[in-house]
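Participant: Sequence:
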Amino acid sequence: MSCSSACASGAALGGKKRLARDLTPPPMRSSFSFECCLEQEGIRAFRSMLTCLKQFGGDLFFEANEQCVTLRMLNASQSAFITLTLQPSFFAKFSIASGAAPSIKLHLKNITSIFRSTAGVESIWLQVATPGGGAACE
3 MSCSSACASG AALGGKKRLA RDLTPPPMRS SFSFECCLEQ EGIRAFRSML
53 TCLKQFGGDL FFEANEQCVT LRMLNASQSA FITLTLQPSF FAKFSIASGA
103 APSIKLHLKN ITSIFRSTAG VESIWLQVAT PGGGAACE
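If you read the sequence shown in my numbering, its first letter stands for residue 3, the second for the next number, and so on.
Accuracy of the hints is not assured; some may be wrong.
The calculated lysine-lysine pairs, modelled on BS3-like cross-linking and capped at a C-alpha distance of 25 Å, are [to be verified]:
#1 Lys107 / Lys56
#2 Lys56 / Lys111
#3 Lys95 / Lys107
Think of the hints as simulated: they come from the structure by calculation, not from any bench. Note that this is a predicted model, so its numbers are computed, not measured.
When you get a sec, could you build the whole thing from the sequences and use the hints?
Facilitator: Here is the structure:
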């Protein structure tokens, strides 16, 4: 898959082997303002997107709202800016707390290591915890 076709697709993070039909997130103690699940084809597409993004820089800005998930990256010399917008239909499961708009900065090197070997992985969950039981991140 070429870089341009990989970047035209979309995705999310987390990680545990699960049955494809089991779309319930693993039990956690925190409240989540955002959570989504990727399955096999989505995992492959997201891994390709991360590989493409890794060529440009090191920090990935992740933003979510009720309409989409946005991945943004600015290269080190600040001469290139990339934005990927992922629609909720890309994910096997997509939910966001009402009024929440989580925005976090991720180190791409750490994220790509999660996707280095995805053989046998059936789903990956991405969950953003927020203090205060699902209120928007600040």
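Participant: Against this structure, judge whether each hint is valid.
Facilitator: So, going through the hints one by one against the coordinates:
no., hint, result
1, Lys107 / Lys56, "holds (14 Å)"
2, Lys56 / Lys111, "holds (8 Å)"
3, Lys95 / Lys107, "holds (22 Å)"
Of the numbered hints given earlier, the model fails none.
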